[in-house]
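There are 2 protein chains.
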Amino acid sequence: MIKRNFLRKPKNQYKLRLITLGGTTGVTKNMYVYELYKENKLQDIIIVDCGIGFPKEQELGVDLVIPDITYLKDKTKFIRAVLFTHGHEDHISALPFHYHNLGKPPVYATKLTKQFLENKFREYGLRIFINEVDYKKTYRFGEISAEFIHLTHSIPDTAHIFIKTPAGNIYHGADFKFDLTPPYQDPPDFYKIIKTGKEKVLCLLTDCLGVEREGMTLSEKAIGDTFVDEMRKTKGKFIMTTFSSNISRIRQCMDAAAKFNRKVVFVGRSMKQNTKLARDLGYLPLYDKIVIKEEDAPRFPPSKLCLIAAGSQGQFDSALSKLSQKRNPYIKISAGDRIIFSSDPIPGNEDQIYSLIENLSELQADVVYSNIQDQLHASGHGNQDDLKLLVRFVNPKYIMPIGGTLRHQYVYQSFAKDLGYSKDRILMLKEGDSIWIEEEKIYPGEQIETKNIFVDAEGIGDVGNIVLQDRKTLANEGFVNVVVVLDKNNRLIKKPEIISRGFVFTAVEHRLFQKAAARIENIFQKQTEIHTVQLLKKQINQTLTDLFLKEKGRVPLIVITIITL
Amino acid sequence: MIKRNFLRKPKNQYKLRLITLGGTTGVTKNMYVYELYKENKLQDIIIVDCGIGFPKEQELGVDLVIPDITYLKDKTKFIRAVLFTHGHEDHISALPFHYHNLGKPPVYATKLTKQFLENKFREYGLRIFINEVDYKKTYRFGEISAEFIHLTHSIPDTAHIFIKTPAGNIYHGADFKFDLTPPYQDPPDFYKIIKTGKEKVLCLLTDCLGVEREGMTLSEKAIGDTFVDEMRKTKGKFIMTTFSSNISRIRQCMDAAAKFNRKVVFVGRSMKQNTKLARDLGYLPLYDKIVIKEEDAPRFPPSKLCLIAAGSQGQFDSALSKLSQKRNPYIKISAGDRIIFSSDPIPGNEDQIYSLIENLSELQADVVYSNIQDQLHASGHGNQDDLKLLVRFVNPKYIMPIGGTLRHQYVYQSFAKDLGYSKDRILMLKEGDSIWIEEEKIYPGEQIETKNIFVDAEGIGDVGNIVLQDRKTLANEGFVNVVVVLDKNNRLIKKPEIISRGFVFTAVEHRLFQKAAARIENIFQKQTEIHTVQLLKKQINQTLTDLFLKEKGRVPLIVITIITL
Numbered sequence: 001m002i003k004r005n006f007l008r009k010p011k012n013q014y015k016l017r018l019i020t021l022g023g024t025t026g027v028t029k030n031m032y033v034y035e036l037y038k039e040n041k042l043q044d045i046i047i048v049d050c051g052i053g054f055p056k057e058q059e060l061g062v063d064l065v066i067p068d069i070t071y072l073k074d075k076t077k078f079i080r081a082v083l084f085t086h087g088h089e090d091h092i093s094a095l096p097f098h099y100h101n102l103g104k105p106p107v108y109a110t111k112l113t114k115q116f117l118e119n120k121f122r123e124y125g126l127r128i129f130i131n132e133v134d135y136k137k138t139y140r141f142g143e144i145s146a147e148f149i150h151l152t153h154s155i156p157d158t159a160h161i162f163i164k165t166p167a168g169n170i171y172h173g174a175d176f177k178f179d180l181t182p183p184y185q186d187p188p189d190f191y192k193i194i195k196t197g198k199e200k201v202l203c204l205l206t207d208c209l210g211v212e213r214e215g216m217t218l219s220e221k222a223i224g225d226t227f228v229d230e231m232r233k234t235k236g237k238f239i240m241t242t243f244s245s246n247i248s249r250i251r252q253c254m255d256a257a258a259k260f261n262r263k264v265v266f267v268g269r270s271m272k273q274n275t276k277l278a279r280d281l282g283y284l285p286l287y288d289k290i291v292i293k294e295e296d297a298p299r300f301p302p303s304k305l306c307l308i309a310a311g312s313q314g315q316f317d318s319a320l321s322k323l324s325q326k327r328n329p330y331i332k333i334s335a336g337d338r339i340i341f342s343s344d345p346i347p348g349n350e351d352q353i354y355s356l357i358e359n360l361s362e363l364q365a366d367v368v369y370s371n372i373q374d375q376l377h378a379s380g381h382g383n384q385d386d387l388k389l390l391v392r393f394v395n396p397k398y399i400m401p402i403g404g405t406l407r408h409q410y411v412y413q414s415f416a417k418d419l420g421y422s423k424d425r426i427l428m429l430k431e432g433d434s435i436w437i438e439e440e441k442i443y444p445g446e447q448i449e450t451k452n453i454f455v456d457a458e459g460i461g462d463v464g465n466i467v468l469q470d471r472k473t474l475a476n477e478g479f480v481n482v483v484v485v486l487d488k489n490n491r492l493i494k495k496p497e498i499i500s501r502g503f504v505f506t507a508v509e510h511r512l513f514q515k516a517a518a519r520i521e522n523i524f525q526k527q528t529e530i531h532t533v534q535l536l537k538k539q540i541n542q543t544l545t546d547l548f549l550k551e552k553g554r555v556p557l558i559v560i561t562i563i564t565l
Numbered sequence: 001m002i003k004r005n006f007l008r009k010p011k012n013q014y015k016l017r018l019i020t021l022g023g024t025t026g027v028t029k030n031m032y033v034y035e036l037y038k039e040n041k042l043q044d045i046i047i048v049d050c051g052i053g054f055p056k057e058q059e060l061g062v063d064l065v066i067p068d069i070t071y072l073k074d075k076t077k078f079i080r081a082v083l084f085t086h087g088h089e090d091h092i093s094a095l096p097f098h099y100h101n102l103g104k105p106p107v108y109a110t111k112l113t114k115q116f117l118e119n120k121f122r123e124y125g126l127r128i129f130i131n132e133v134d135y136k137k138t139y140r141f142g143e144i145s146a147e148f149i150h151l152t153h154s155i156p157d158t159a160h161i162f163i164k165t166p167a168g169n170i171y172h173g174a175d176f177k178f179d180l181t182p183p184y185q186d187p188p189d190f191y192k193i194i195k196t197g198k199e200k201v202l203c204l205l206t207d208c209l210g211v212e213r214e215g216m217t218l219s220e221k222a223i224g225d226t227f228v229d230e231m232r233k234t235k236g237k238f239i240m241t242t243f244s245s246n247i248s249r250i251r252q253c254m255d256a257a258a259k260f261n262r263k264v265v266f267v268g269r270s271m272k273q274n275t276k277l278a279r280d281l282g283y284l285p286l287y288d289k290i291v292i293k294e295e296d297a298p299r300f301p302p303s304k305l306c307l308i309a310a311g312s313q314g315q316f317d318s319a320l321s322k323l324s325q326k327r328n329p330y331i332k333i334s335a336g337d338r339i340i341f342s343s344d345p346i347p348g349n350e351d352q353i354y355s356l357i358e359n360l361s362e363l364q365a366d367v368v369y370s371n372i373q374d375q376l377h378a379s380g381h382g383n384q385d386d387l388k389l390l391v392r393f394v395n396p397k398y399i400m401p402i403g404g405t406l407r408h409q410y411v412y413q414s415f416a417k418d419l420g421y422s423k424d425r426i427l428m429l430k431e432g433d434s435i436w437i438e439e440e441k442i443y444p445g446e447q448i449e450t451k452n453i454f455v456d457a458e459g460i461g462d463v464g465n466i467v468l469q470d471r472k473t474l475a476n477e478g479f480v481n482v483v484v485v486l487d488k489n490n491r492l493i494k495k496p497e498i499i500s501r502g503f504v505f506t507a508v509e510h511r512l513f514q515k516a517a518a519r520i521e522n523i524f525q526k527q528t529e530i531h532t533v534q535l536l537k538k539q540i541n542q543t544l545t546d547l548f549l550k551e552k553g554r555v556p557l558i559v560i561t562i563i564t565l
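These protein sequence lines map, in sequence, to chains A and B.
The opening residue of the first sequence carries number 1 in this note's numbering; numbering runs sequentially from there.
The opening residue of the second sequence carries number 1 in this note's numbering; numbering runs sequentially from there.
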């Protein structure tokens with residue numbers, strides 16, 4: 001009798017490994033690695049998102065931390081693609097730093113995300129080709145396939161990604177809310193979301209930042225009505241501040257401005273840049289009709305102006321701070337002006353925001369912020385009911401809350417109990433943690449060692465602005481790159497490495513950089529207590545600025561990379 | 001050359017007509033008629049729901065009004081089926097009155113709905129066969145097909161119905177909320193709902209009663225926690241009152257009781273009856289373990305008792321009112337008892353509820369109601385976000401808000417604007433209105449004349465209870481049926497018709513009923529101003545009771561039908 005071995009169902013020879021290089025408990029710095037193994041051999045890797053983080057001790061948007069991709073260094077030949085969920089800094093902005101080291105894999109992003117990414121690369125003088133996502137397509141990367149699903153968030157063209165592998169299916173549900181009345185775009189693609197629920201989802205990765213808030217998140221649409229109401233009350237200039245990536249909100253403000261015949265002035269670098277990109281994509285159709293240049297603002301009466309300004313978090317050098325300190329050469333705040341903070345304070349920024357509000361109030365302007373007006377801001381992150389709906393739609397076996405803090409993970413864990421998910425079905429991963437996914441099971445994998453990689457890409461004063469506004473100016477000034485390696489106590493364990501481009505001739509360079517290195521070492525020798533990375537960077541920046549000014553009479557872009565071991 | 005006529009797409013020869021015989025602006029008395037015409041000839045009729053209404057001027061659950069089906073009388077041969085969405089009185093309880101006149105069509109209902117319907121028929125000494133709905137099936141009624149979709153509401157086994165016809169598809173979205181954590185049952189079948197959105201829905205009929213409330217409706221689950229918290233604080237008897245059809249809530253209360261080792265006593269006719277039906281279906285698994293009879297309650301200390309009582313609306317003769325008036329022979333309210341009103345007042349009932357609360361408080365009991373505790377009641381109707389979600393899921397061309405008042409329809413109209421639905425796409429039908437549905441278009445149809453048909457099925461005092469608890473007793477007493485026809489000013493325009501069964505011998509009957517008719521005529525002659533139907537019924541009831549008591553020494557069930565022309 002023949003032994004019909006071939007009829008036996010073979011044990012599934014596939015395994016998937018998910019590694020969180022960032023984004024799980026740190027909110028920002030999102031980077032997720034999916035590795036497909038066949039018969040224990042690595043076969044295909046895809047990466048989802050590659051964003052920057054913001055070190056705790058510093059102001060938002062000034063200093064950066066990027067994911068540590070050391071783990072991937074000898075695996076680049078398996079990397080089939082990097083996929084992006086949306087265009088926020090903490091999801092895209094680390095790619096320029098890592099693209100080369102990842103082996104320049106194919107990159108996929110939705111329309112606006114692609115623009116923002118390409119712009120990031122341009123900022124660093126780099127180029128990249130990015131595939132624009134077609135929602136109708138199923139993309140194949142080796143034996144992994146991926147479908148993008150249209151979602152809503154505080155930036156247009158936000159997607160979730162449904163990842164199918166022979167080892168099991170994953171729903172990658174990064175930052176989102178279910179906005180049922182999103183201005184200027186379609187509501188979430190509920191059909192596609194719920195269809196995944198019929199295809200056996202082993203694990204749902206879900207945004208969890210809003211898990212403490214009841215109900216559903218306010219629709220972005222509500223804010224548009226607020227703008228109209230507030231603008232109606234405004235005799236002088238109307239000034240709105242929000243995140244510069246929130247294109248829908250900016251568009252709603254422009255619509256309100258058009259209604260009241262106000263010209264729109266964008267103030268602040270990121271605001272100018274993002275709105276220009278959005279205009280090019282057709283996302284701001286009124287742009288050419290009503291936007292005027294900052295320097296033309298004085299030609300219009302205050303009642304005919306609507307300023308849309310960066311700096312809602314009270315960042316010291318932001319457009320709005322400068323306005324509050326009378327440092328804007330063209331525009332002065334005065335009585336009758338109304339300033340709308342269309343954003344909530346990011347925890348930790350309260351002090352600087354309130355002092356900004358006080359400064360603005362002292363200029364006799366009316367300041368409206370969320371403590372005194374309810375509908376000024378709609379979060380981009382789903383509240384409890386949004387999160388519950390996603391679970392009900394996707395119907396996964398396991399859930400991994402991402403994009404929050406450890407606290408949010410714990411809250412999610414008890415929140416999910418009501419949905420029928422016991423603790424052991426809620427996966428709480430920290431940075432560097434990994435899980436193995438095999439047919440029906442999920443179990444913990446090894447911990448990957450990751451370091452903090454800090455980047456200061458801004459330099460001092462306005463140099464950063466020059467870099468980004470005008471590459472030509474930068475080309476004249478050049479840049480200096482300082483790499484400093486520290487131990488756990490932030491002590492220098494290696495001579496600083498300094499390289500530059502376009503700053504000074506090589507002949508001069510050596511002597512100058514020897515001096516620079518010595519001064520940096522001096523900073524560390526002088527310190528009697530452990531300084532924070534942030535403080536150290538400021539000190540290095542100041543020291544080098546002084547030196548370069550004294551020796552050369554000009555200051556290049558100073559990029560400081562601090563690696564702590 | 002041959003004229004290839006056969007290739008031309010023929011004009012669709014089908015038309016659908018939707019007639020609202022009740023339920024659009026009156027909240028209750030739901031009855032919807034769908035008529036399919038082929039080449040202008042009526043072909044198939046299906047009816048959705050057939051419920052009672054509650055005349056405005058009277059107490060809930062005492063008097064009834066039923067839909068007027070005169071329009072259907074010569075069309076019964078086309079009626080293919082009556083489908084039911086759920087088991088609430090205002091959706092099912094008129095069927096016993098009309099079943100015969102509708103030509104005894106096939107009836108389809110979900111599990112609990114079927115039980116409640118059969119029970120209704122038993123109450124009137126009638127029998128019926130009801131097909132239990134299989135959610136997986138597509139039912140065909142001539143060229144109309146229907147699928148039932150599992151939803152959540154304040155009663156188990158609630159469904160929406162997706163009606164497909166050659167003239168266009170309709171989503172019949174009667175009373176619902178999206179409960180994402182419904183206790184003891186599945187969440188709504190989102191997949192099936194969203195799938196309808198892919199099949200071109202011409203018109204969505206949607207519950208609109210919650211359209212004034214923001215956010216999503218509280219999950220029924222939240223109430224369970226409240227019961228536990230409140231029970232923990234209770235030293236004496238724990239008494240919960242809610243609608244007797246809210247089986248999930250009753251079960252949650254029983255679960256809490258079990259936790260604290262309290263025996264459960266059902267008080268009130270409807271409460272006893274509905275919980276018994278639910279037990280038979282396996283919906284109250286603890287029933288046999290912890291439910292004791294009312295008369296056994298005195299054998300337990302108050303701290304070991306949990307009463308679940310009918311009468312949350314303060315109805316005069318309800319179980320809770322009797323308790324508050326020390327009219328319950330077995331159970332006395334006293335200090336340390338805690339009474340939880342797990343229901344919101346139905347508008348109009350506030351006075352009687354507050355006086356009930358005062359009576360209970362005077363007995364030294366702690367009374368907890370929604371003014372002083374938030375999470376005592378979860379509405380069964382979707383709030384704004386539930387309603388928005390349904391629209392986004394179903395994605396209809398037209399929307400017809402049903403199950404609310406005219407006010408709710410108007411609120412819905414402006415609410416739907418945000419969803420992108422202009423006024424002309426929101427269909428606001430009143431009772432007797434109809435619309436024609438043809439391929440892509442919807443246009444108004446003729447108005448159907450409907451009358452108010454009032455039924456008083458309760459008699460006076462406790463007779464009603466006898467009727468329903470014990471048909472044998474009723475058989476001894478019999479019943480008297482009085483039909484009174486009034487003009488618009490509530491004046492009698494015809495001698496009252498009186499017939500009876502099992503009350504007195506026919507020989508005696510004639511003389512007695514002549515007298516009765518004369519007394520009724522007398523009521524109308526004496527009235528100097530226009531009395532309400534309600535008052536008139538009370539007067540007739542009282543007059544006949546007095547007469548029968550005096551002449552015969554006993555009172556039959558008196559059923560008064562008032563027809564206003």
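Hints may be right or wrong, so weigh each one.
Straight-line alpha carbon distances no greater than 25 Å define the calculated PhoX-like cross-link-like pairs of lysine-lysine that follow [as the list claims (entries may be wrong)]:
hint, chain 1, residue 1, chain 2, residue 2
1, A, K198, B, K198
2, B, K259, A, K136
3, B, K200, B, K221
4, B, K192, A, K192
5, B, K192, A, K397
6, A, K136, B, K397
7, B, K73, A, K198
8, A, K198, B, K164
9, A, K198, B, K136
10, A, K451, A, K200
11, B, K198, A, K136
12, A, K200, B, K494
13, A, K293, A, K326
14, A, K164, B, K195
15, A, K221, B, K136
16, A, K552, A, K538
17, B, K397, B, K451
18, A, K195, B, K538
19, A, K198, B, K200
20, A, K136, B, K221
21, B, K221, A, K423
22, A, K73, A, K451
23, B, K195, A, K137
24, B, K451, B, K538
25, A, K235, A, K200
Simulated from the structure, these hints should not be mistaken for laboratory data.
Consistency of the hints with the structure:
1. Distance check on the hinted pair: A/K198 and B/K198 sit about 16 Å apart at the alpha-carbon level, within 25 Å; holds.
2. Distance check on the hinted pair: B/K259 and A/K136 sit about 52 Å apart at the alpha-carbon level, beyond 25 Å; violated.
3. For the hint pairing B/K200 with B/K221, the CA-to-CA distance comes to about 34 Å; that exceeds 25 Å, so the pair is violated.
4. The straight-line distance between the Cα atoms of B/K192 and A/K192 is roughly 13 Å, inside the 25 Å bound, and the hint therefore holds.
5. Restraint check for B/K192 and A/K397: the C-alpha separation of about 20 Å stays at or below 25 Å, so the hint holds.
6. A hinted pair counts as satisfied when its Cα atoms are at most 25 Å apart, and A/K136 with B/K397 qualifies at roughly 24 Å.
7. Between the alpha carbons of B/K73 and A/K198 the distance comes to roughly 46 Å, so the proposed pair goes past 25 Å and is violated.
8. A hinted pair counts as satisfied when its Cα atoms are at most 25 Å apart, and A/K198 with B/K164 qualifies at roughly 24 Å.
9. Only pairs whose Cα atoms come within 25 Å are accepted, and A/K198 paired with B/K136 is accepted, the gap being roughly 15 Å.
10. About 36 Å separates the Cα atoms of A/K451 and A/K200, which puts this hinted pair outside 25 Å; it is violated.
11. With a C-alpha separation of about 15 Å, the suggested pair B/K198 and A/K136 falls inside the 25 Å cut-off, and the hint holds.
12. Straight-line distance between C-alpha atoms of A/K200 and B/K494 comes to about 69 Å, which puts the hinted pair past the 25 Å bound.
13. A C-alpha spacing of about 18 Å is found between A/K293 and A/K326, which places the hinted pair at or below 25 Å, so the restraint holds.
14. For the proposed pair A/K164 and B/K195, the alpha carbon gap of about 22 Å is at most 25 Å, so the pair holds.
15. With a C-alpha separation of about 38 Å, the suggested pairing of A/K221 with B/K136 is violated against the 25 Å cut-off.
16. Between A/K552 and A/K538 the alpha-carbon distance is near 20 Å, which keeps this suggested pair within the 25 Å criterion.
17. Between B/K397 and B/K451, the direct Cα distance comes to roughly 32 Å. Violation of the 25 Å bound is thereby established for this hinted pair.
18. Between A/K195 and B/K538, the direct Cα distance comes to roughly 58 Å. Violation of the 25 Å bound is thereby established for this hinted pair.
19. At most 25 Å may separate the alpha-carbon atoms for a hinted pair to count; A/K198 and B/K200 meet this at roughly 21 Å.
20. Among the hinted pairs, A/K136 with B/K221 is inconsistent with the structure: their alpha-carbon atoms are about 38 Å apart, more than 25 Å.
21. With a C-alpha separation of about 19 Å, the suggested pair B/K221 and A/K423 falls inside the 25 Å cut-off, and the hint holds.
22. For a cut-off of 25 Å, the pair hint linking A/K73 to A/K451 stands: about 14 Å separates their Cα positions.
23. Between the alpha carbons of B/K195 and A/K137 the distance comes to roughly 20 Å, so the proposed pair stays at or under 25 Å and holds.
24. Pair hint B/K451 plus B/K538 holds up; C-alpha atoms about 21 Å apart against a cutoff of 25 Å.
25. Our distance criterion of 25 Å between C-alpha atoms is broken by A/K235 and A/K200, whose separation comes to about 58 Å.
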